[in-house]
Structures are given as structure tokens and as C-alpha cells.
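Protein sequences, first through last, are from chains V and E. If you're matching positions, the first sequence starts at 528 in this note's numbering and goes up one per residue. If you're matching positions, the second sequence starts at 2 in this note's numbering and goes up one per residue.
Hints are computed from structural coordinates only; laboratory data are not their basis. From a predicted model like this one, the values you see are computed outputs, not experimental measurements. Mixed in with the good hints there might be a few duds.
[What the hints assert, rightly or not] The calculated lysine to aspartate or glutamate pairs, modelled on EDC-like cross-linking and capped at a C-alpha distance of 20 Å, are: (1) E:Lys67 x E:Glu96; (2) V:Lys726 x E:Glu96; (3) V:Lys621 x V:Glu872; (4) E:Lys106 x V:Asp819; (5) E:Lys105 x V:Glu707; (6) E:Lys67 x E:Glu32; (7) V:Lys716 x E:Glu96; (8) E:Lys67 x E:Asp155; (9) E:Lys205 x E:Asp155; (10) V:Lys901 x V:Asp819; (11) E:Lys184 x E:Glu29; (12) V:Lys716 x E:Glu55; (13) E:Lys106 x E:Asp155; (14) V:Lys847 x V:Asp984; (15) E:Lys169 x E:Asp195.
[Stated by the list, open to error] Derived, one-sided and incomplete: chain V residues facing chain E with beta-carbon distance under 8 Å: (16) Met708; (17) Gly710; (18) Asp984.
Here a beta-carbon is modelled for each residue, glycine too, at the ideal position from N, C-alpha and C.
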Amino acid sequence: MKWNEILQRLLLLLIVILLGFSILLPLGSLFEKAFMNEQGQWIGVSNLLNYMKSPALLQSLGHTMYVSIISTIISVGLAFVYAYGIVRTPMRGKTFFRYTAMLPLFAPSMFFGLALTFMFGNQGFITTGFFGHLPFGIDIHLYGPVGIIISEVVYTFPQAFLILVVALSMSDYRLYEAAEMLGANPMRKFWTVTLPGTKYGLISAFFVCFTLAFTDFGAPKIVGGQYNVLATDMYKYVIGQQNMTMGATVGLVLIVPACLAFLVDRYLDRKQKNAVSAKAAPYRLVPRVWRDRLYTIYCAIISGAILVLLLTVIFGAFAKLWPYNLSLTLDHFDFTKVAGGTGWEPFWNSIRVAALTAVIGTFVTYLTAYAIEKINHWKFVRQISYFLAILPLALPGLVLGLAYIFFFNDRSNPMHGLYGSIWILVLVNIVHFFSVSFITATTALKKLDSEFEKASDSMGVPFYRTLFRVTIPITLPAMMEMGIYFFINSMVTISAVVFLYAPDLKLASVMIVNMDDAGDIAPASAMSILLVATSVLVRILYEWATSAMRKRAAKWQSRTNDAQQDSGAMKL
Amino acid sequence: MQPYLQLAQIHKKFGSFTSLKGIDLHIENHEFVCLLGPSGCGKTTLLRIIAGLETATGGSITLAGKNITRMPAGQRNFAMMFQSYALFPNLTAYENIAYGLYTKKLSRADIKKRVEEVLDLVNLTALAGHYPGQCSGGQQQRIALARALAMAPDVLLLDEPLSALDAKVRDKLRREIRNLHEKCGMTTIMVTHDQEEALTMADKIVVMNNAEIVQIGTPQEVYEQPNSPFVADFIGAINFMKDDSTRELHPQDQQASAIRPEHIHLGAFADDEGGALQYGKIQNIEFRGSFYRVTLQWMDDERLANPRFVMIDISTEQSKGLQLTKEQIIPFSLPKERIITFETEKPILVRA
């Protein structure tokens, strides 16, 4: 065997081992725990049956279903109209609306809970009628399902929006003209052309939002009150009662919708690829004064609401003593007097973890995608690796975190040393956000001619030379995108890391929950603001730094435009 | 008498780009009209304006004495078949065809009857339950045709209906469309860039170039009496000759006369009437099935070669007696009655 081939096989082997140890084995120990009792005896599904019998847990399941379904319907509905306005009408201000809709992506899910507390909580400015300045106040009974639903709507809105923008952009104008010629009115066109055309996008958005809401921990933690949902139950079992078995059982229930969403997504992905016709004509935007005005007003209301939430938290973070003394202060940004007096350390920890995750995560994900896409040996190993790489898409953060406790906290595990260190946080983040980055890398690599590798092989050039000289430079924009995705998500995530952080290694998102628990809402808001500001700043820096690079990339991409369309590129 | 469909001074601008300038066109009832021209000449825009999918910047459209310039597409009772069919992918063939009938407020039974009628008309009864994705290109094309016919339109509009099909299917559908046109008795307007399609199908050909109509006539008229070098060149093969003498043939210079390759007499068929006999050296012989296309280099006399070329078509039957070989010097003649002369008062530029 040639050196080249040995190296390639080694790389594949290394990747499948890495994926096995960081995804498959931890999951295995989670299942093991779920099917065992406290004494470590095999009891099969009786935990699940116990679960079904426990009225408290059944109630939580019912609660979770209820808030998830309601918030998904609202979120997808709002996002559909919003995306429709942006894609299908010639209204003004689209860039502004587009960016505002994506703002919630930069915030942890606790953020919206905090904002709602300032607005609709017991001392909220709307509940109290602007602190008594108005003759009446509006009490929406925030704590409970109402608060959770509103938070989840805002939290899932950008996800639904992004999916639906893509779905609405892939229309075929010829169908509208055909319908027009056949005398269809706008209503009939909507039902027979628009809806069928965006069907897959809608289903996909529905499942993504449902899964996010179903497994979210941050928002119910802040505004859930006494209203139990599965994610907070699981937290209580694991952190409060140290009942790992029940924690694992709840975790299994949490996986169900995520797995379903995963399967549906894979299925739709294949369907959608077949549905896109190369002959499709682009949608033609015809100005219609009143409709366009209505959409502008609608989008302004939605983006206004998002901005109000943001501004409220900012104000809350700077107000001296809400609601009694509203003069501005920087006191809340000095985190020494609250929740253990940790100061700014958690924030710097978060940045360190996010930066490490971004760098290492991008590197590993890219190599994995490269090995699976471009190496032509061991088809079976590559298929296993592909499956493992996609699998985290179906794993909620809480479940992943718990699985990591079981696997890495086991003293017989030689990797036990990772537990309690910064590296387990980095590792769990990489795995948590692995799939989306992996798909980004795969899509970028698929656009490249597979003949590159064959050509270099025939010239006797080792594969890694082609990789560094050709493949990586061409796919650099995708790599940068992966890095930023890892960074921002690691900054704001709470679910996986909440089980894994060490006492001397607190993260900003964890501190937000702890401070809120202790009633220190203002410092919690201050910390949230720091997180959002950092994420937005990094994103802006990234856009600025890569604009030149992307322009250059656009040059060669423009020539290979047709090939890209054929590959049915997926933008995430 | 007033024509059935009358276009008067139709103008269309897209920003600063003029797509149509002053189109005047009369179309009679039951006529099959082809809009023929190179891509970008405005023919599709004109069809879309007739359909109502595009609004003219200026001018008017009258149908049976009624001004329909501003009427929405859905109310004109026109049907259109799109270049790549635009079938609804989520509806079966049956549902696609029934789509427009629902807006006509017909009863369910009437709709069913009508759909079955047109399915039978295009021989697709077996495919009623199939989705477009499950049908071949030719079948999709016929579903689209059936969908248009089901509306019993006053005017049927066809936008390059055959361009996406392979040659064999195209030939067959050409005849089918023409037959359906005669059977259903509507007025049909078809856009095409394929001159053969226009010649074989149309009652009347409207040749367009650079946003204007260049010539209107029957297929025989535009072929045998093209009114400009552009039309002569666009429809069929042609040899151009310079104005001053019939001896010089060249396609690039300003021309005022021309002759079709099949009208030139070659070898033994050439006649020396009034000193019109010419000589040429054979450069190339191309076999085209039923005929040969021979390219000659024109000789000033029997020895001096001229850098000008002339195409001559000779039927395969006739060529048998001639023993054509390359480099052979052979006589030919240009029958006077076959020479086409153009009026140079209104020069029409041929685009490269």
C-alpha cells in the first residue's frame, strides 16, 4: 500500500474512533442508565413504565406538549407572514427586517424570559401600567405557560424565519402565471401554488421549532414558575435530587421529538432536492401599494417587538433598583456581590470555551466532512461516520450533557480526567453543534470537483497537499462560517453545559440562571447583555473581515454557478 | 370587416430597454399565426402582452371589437401553454386539467366530462391519475395542451411549445397541435424561433426582429418572397448577391438580391441562356439525406478563383448523373425568375 493510502485510512480510522468516543459511547451509557435501577440492576423498560404511571411526570409531559405546540404554531405562523413579506413583496426596509429577525439567535433562551419579567412580571412596566403612570396595568399572568410560550415564540422565530425564507425563495413564477391564465384568484393561487410549494419548508420549520421549544431549558427556568416542563424536571432530578436514573428516563422522552424531527428533516431534504426544477422562473415582485404597506406595518410590529425585548433587558441591566430607582448605573456589571462573587470570570470562561470550540470544532468537523466526502476507501466506515456526524442533530443539549456525566464521570473510564476540566465543555459543545457545521462543510466540499483528488493522485501528489493547496483555500468561506456558528452557539448555550461545568469553572450562561434563581435579575440581565453584545460584535467583525474574501470567492463561484445549482446546495 | 384580434401600436419598455416598438398586427378568427424571430426580438413579450401577463407601455388590443388592453389575464378567455409547461407538480394530470374549470363555475359532473373529453383528445386517458413528475416530456406537453384546451379558449397561445422535446416527439406533436387547432376551431398564436416549425404549422407567419415586425405573410410568401435580407437569411438557406451585378455573391456586404441554393442549376442542368453560365470549383460536398449541399468557389473565368462562395442544393437523385468530386470545376446558372430582389428604400439591418 502506498503511504498516501495508509495515511488516508488512518485519518478515517481516527475520525470514526473520535466520533464513537464522543457520541456513540456516551449515548450508550445514557441508555444503560435509563434501563437500570439505582443499584445498577437491569430492569428494562420499567423505568419508562414508572414514568408513565407518575402523575407529576405525565403532567409535565402534557405541559411540555402544550407549550411546544402552541408556541410552534404561533412562531411558524408569524415567521411565514414575515418571510413572505420579505421574499414576495417589494416593500422597503427588507435588510433591516431581515437582520432584526435574526437577533434572537445571538441571545441565550433565558434572555427572553428576563425581558418578559421586566415587562410583564409582578414589577413589570406593563403589569404596573408604567409604574403607576398609567391609570391601569395589564397582568398577563406571566409565570407559567404564558411566559414560556412567548419566550419560545421569540426564541424559535429566527429558525422558522430562516427556513421559510429559503422555502419561499424557491418558487417557480411560471406556476403563478399558469394559474393566472386559468383564471385563479389570489386566494386560489395561494392554496394551490404557494402552500404546496412551501410545504416542505413549513413542515421542516414546524419540527425544528417544536423540538427547540420541547427541549428548551432556559426560558421555562426563568418564567416557568410552578409550571413544570420536562427540561426543568430533568434538571431537578439530576441537580436537585441526584436521581440519575429518572433523569435519564426523562432524557429518553426528550429525545423522541428530536429524533422524529431528524428523520423528517432527512426525508424532506431528499424530497426537496428532487422538487427544485432547473427551469424555474424567479418570482416577480409586483408593487401593490396597500398590500406592501400592510406587510411593512406587520414586519415593523414584529421587529419592533424584538427590539423592545432587547432594549428592555438593556434598560433593566442599567437601572439601579427596578422598579423603585430607575436611575442608570454600572453597578450590575460588577458581578462580585452576587451569586458567589465570581466577578467577570464566568464571562471570560465563556469566551475561552467558545473560542476553543470554534477553532477545534471547525478543524475536526472539516476533517470529518473531508474524509467522508473525499476519501475513497472503506465505504462502510464512511457510512458509519456519516451517520454519527448527523446523529447529534437529534440530541437535545440536556440529554447530551447527561450522557456525558454518565460516560466521563465513570471512574473506570480512562478519559475520566476530562471531567471537570474546560475540555469537557469544549467537547460537548463541539458535539452539540457538530451536525450543522458538518453539513455546511459537506455542502461546500460537494461543490468541488471530485476529479481534483484523482488528478493529484495521478500526478503522485499526496492528498494532504491537495487538501491544503486547493480544497481548503476554496472552501475557506464555509470554514469561517462554521467557526462563527460554533462560537456564537457556544457563547449562548446552557443546556448541555449546565450539567458539566466545574464549580471553579462557571460559564456566563450558567451564571445567568444562578443569578436569576437568587433573585438577582439585574446582574443576570447585565450578563445576558454581555453575551449578546459579544456575539453581535464577533459577527460584525466577521462580516467585515470576510467581506473581501467573500468577494473573491464570489468571483470563482460565479463561473461555477450552474454546478452549484445542480448540487442542490443547502444553506444553513 | 374588422379583424378578430387587432393589435395597434403596441409598445413595451423595460426600463430603458425597448422590447417592442409600434407593433400593428391583425389576426383573423380561426387563424394559426406564428410569431417567428431570433431570441430577444420581442416575440415572447408580444405573446405575453396578448395573454395579459404583461402590460403594454402603449397601444391597444381589440378582440372582436372589444378593447381588452387592460383586461386581466384570467378574464380574457385565452389559454396559454408555457415553454416548459408549468404544470402544477402537486396535482395529477386530471387535476391540472380541471384547475381552470373550477373558476368557470361548472358542476362537478360537467368538469369531469370536459376533462375526459380533452384527455381523450390528446390520447392521455390512461395517464389521468399520474403526477407530472411521473410523465415523460412529451406527455407533460400534452397534459399542458389539454389543460389549455379544456378552457375552450377563444385564443390559444403557445410559447415555444416544442423547444424542450427531442426531434422525433417534436415532429409528431407538430402535426397533433395543428390537427387540434383545426378540430377545436379556435385562433392560435404560437411563438417560435424554429423556422421549420413556423413553415410547417402556420397559416400566417409574422417575422420579427429588433422589437419590430419585419414581414407578415403565408409560409410560401415569406419563403419565396422575403422582403428583406434578414427574412431571407432567417428562413431557409440563401446566397446573397451584391447590388451592382448578379455575378457577385456574398453574404456580408449590403445586398439587394439573393437566391436560394435549391434554385441554382448545376452542371448538366445549367443553361447558357444569354451568357448567364458561371463556373465554380467544388470546395465541399455535404450529404443531407434527400439532397446534397455543394459549396462552390466562384471562378471569374475558367482559371481565376474568386474569394466568394455559393451554396447549391441538388437532389440526391439528380446528383447521380453528375459525378461530383472535390476540386472539380463545374458550370452553374442562376435562373432570373428565381432571383429575389429587395427594395433598398427601407434598409433593414441584419444582425450578426
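Checked hints:
no.	hint	result
1	E:Lys67 x E:Glu96	32 Å, violated
2	V:Lys726 x E:Glu96	18 Å, holds
3	V:Lys621 x V:Glu872	39 Å, violated
4	E:Lys106 x V:Asp819	31 Å, violated
5	E:Lys105 x V:Glu707	13 Å, holds
6	E:Lys67 x E:Glu32	19 Å, holds
7	V:Lys716 x E:Glu96	14 Å, holds
8	E:Lys67 x E:Asp155	13 Å, holds
9	E:Lys205 x E:Asp155	18 Å, holds
10	V:Lys901 x V:Asp819	47 Å, violated
11	E:Lys184 x E:Glu29	17 Å, holds
12	V:Lys716 x E:Glu55	18 Å, holds
13	E:Lys106 x E:Asp155	18 Å, holds
14	V:Lys847 x V:Asp984	67 Å, violated
15	E:Lys169 x E:Asp195	15 Å, holds
16	Met708	5 Å, holds
17	Gly710	4 Å, holds
18	Asp984	38 Å, violated
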